[in-house]
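Visitor: Model the full assembly from the supplied sequences, consistent with the hints where possible.
Okay, here's what each chain looks like letter by letter:
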Amino acid sequence: MEIDFVIEKFILVTAIFAISLVIAMYSTYAERKVAAFLQDRLGPDRAGPFGILQPLADGVKMFMKEEIIPANANKWLFMIGPGLAMLCACIGTAVIPWGQDMMVGDRLVKLQVTDINVGLLYIFGVISLGVYGVMIGGWASNNKYSLLSSIRAASQNISYEIGMGLSIIALLLVTNSLSLREIVAQQHGWQWNVLYQPVGFIVFMVCAFAETNRAPFDLPECEAELNGGYTIEYSSMKLGFYLFAEYINMFVSSTIMAALYFGGYNYPGMDYMATLLGPTWAPLFGTLIFFLKIFAFIFFFMWVRWTIPRFRYDQLMNLGWKGLIPLAIANIIITGIVIAIVNKF
Amino acid sequence: MGTSVFYFVATLSVFFALMVVFAKNPIHSVLYLILTFFTFTVHYILLNAQFLAVVNFIVYMGAIMVLFLFVLMLLNLNKQNEPNKSTLLRVIGVIAGGCLAVTLIGSLKSVAIADPLVLKNPSLGLVENLGKELFGPFMLPFELSSLLLLSAMVGAVLLTKKEEKTNG
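Sequence lines, in order, name chains A and B.
Counting along the first sequence from 1, when you hit position 54 you're at 54 in the working numbering, and nothing is skipped either side.
Counting along the second sequence from 1, when you hit position 156 you're at 156 in the working numbering, and nothing is skipped either side.
To be clear, the hints were calculated from the coordinates, so they are not data collected in a lab.
Values in this document were obtained by computation on a predicted structure and should not be read as measured data.
Take the hints with a grain of salt, since some may be wrong.
Residues from chain A that face chain B, not an exhaustive set, calculated with beta carbons under 7 Å [stated by the list, open to error]: (1) Phe124; (2) Ala154; (3) Ile158.
Straight-line distance between alpha carbons at most 27 Å, and here's what the computed DSS-like set of lysine-lysine pairs gives [what the hints assert, rightly or not]: (4) A:Lys144 / B:Lys24; (5) B:Lys24 / A:Lys75; (6) A:Lys9 / A:Lys110.
Glycine included, every Cβ here is placed at the ideal spot set by N, Cα and C.
Guide: Here is the structure:
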């Protein structure tokens with residue numbers, strides 16, 4: 001436990017935290033621009049050039065709003081709710097390997113906060129914990145709409161967690177490791193897991209949409225039926241936290257999908273680039289590629305939101321239990337058989 | 001270092017477990033139970049059982065407790081519709097709890113503390129070693145318990161299914 005080790009990790013944690021916040025901030029801007037583009041509008045263009053300062057203006061607005069806690073709400077839980085949502089959204093990135101080992105001077109720096117040998121399960125656990133923010137906040141608001149929204153969030157999360165877990169099991173059969181570092185390192189160059197697990201990837205992605213409460217599965221905050229659901233009693237920055245946590249979650253799930261299935265920092269021709277750029281800049285270039293993949297996924301999230309209408313609740317449950325779970329189980333069985341045959345010959 | 005952390009977390013576990021029992025509001029009880037499970041996760045990490053820790057985290061905190069909370073929110077229990085507990089029930093409860101406590105203390109006293117399994121094989125809790133143990137020497141009990149869970153699941157689905165036609 002040397003002091004430079006602590007400093008290195010501290011810088012890494014701060015950088016990742018800042019990057020996730022900035023990306024989440026500009027996701028709100030990007031979402032409006034994408035929506036505007038898809039609906040043939042201009043979108044925000046008043047604050048700064050091309051409306052680039054809009055997220056800052058929104059943030060200031062959120063902070064300045066009056067803070068209202070309903071008289072019959074459970075005060076402590078009402079305050080814990082948004083904080084928990086934010087916390088669960090932020091701690092997921094701790095085990096993501098952001099790049100290959102980098103040489104800074106003569107020191108080898110790992111671009112990963114921590115490599116626990118059950119990293120994949122850790123992320124899964126954090127995702128499953130995310131629903132508590134919504135549930136606790138919704139219940140503590142003491143409002144019928146919020147309560148309904150909490151209950152919806154809970155059942156939706158539980159249902160899609162199963163499909164997600166099953167799709168991960170098929171991935172584990174291929175990778176033979178629970179450590180994210182190894183999983184990403186295995187996908188060197190072009191050997192991305194999506195080529196071996198296309199069905200698993202689709203199941204995982206649909207479940208990720210449901211777990212982050214994004215359209216077309218944003219039933220907990222459905223405006224038409226629930227007036228915004230669990231956020232209905234929230235005002236000021238508490239509301240801001242809930243909305244913001246959703247964007248961080250989107251960033252984290254995009255990161256996980258890019259890392260697990262689309263090779264993370266790997267790209268074709270990376271060995272050539274490594275000789276060209278040297279051991280300091282080549283890993284950073286890989287990280288840049290990683291972020292491009294993440295942005296592509298975030299754009300995909302937005303594209304889907306403004307294209308596909310919201311599901312009905314029974315449709316959601318049917319898709320989860322009768323569509324995705326059997327598909328994921330079939331995927332596990334077929335993957336297992338194929339691996340057994342391949343190992344035999 | 002390790003021992004003091006253990007005592008700190010153990011105190012928290014006991015405190016939250018007591019709060020589960022003493023909390024008036026059932027939702028608060030469940031929330032304290034979640035915290036209790038969280039302290040258990042820390043215990044597993046202290047025992048170097050990372051896999052068990054994460055599984056405890058996912059299954060108990062992430063899934064089962066969400067279901068508990070879900071059911072309680074759906075029932076929306078409050079003071080008015082709480083059934084009155086008679087004094088007799090309370091006395092019986094105290095006696096039953098006391099018997100359980102005596103049994104537990106008695107059995108714990110006979111366990112030799114000088115034989116900690118964990119210290120003999122400190123990396124037993126890591127996922128690789130645990131998998132080898134489960135699918136090696138303990139294959140049959142492991143498979144049997146999964147069958148047990150499967151049959152329980154099928155039974156639960158069967159119970160919730162409405163009988164569509166009752167013409168005999």
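Visitor: Mind listing which of the numbered hints don't hold for this structure, in increasing order?
Guide: none
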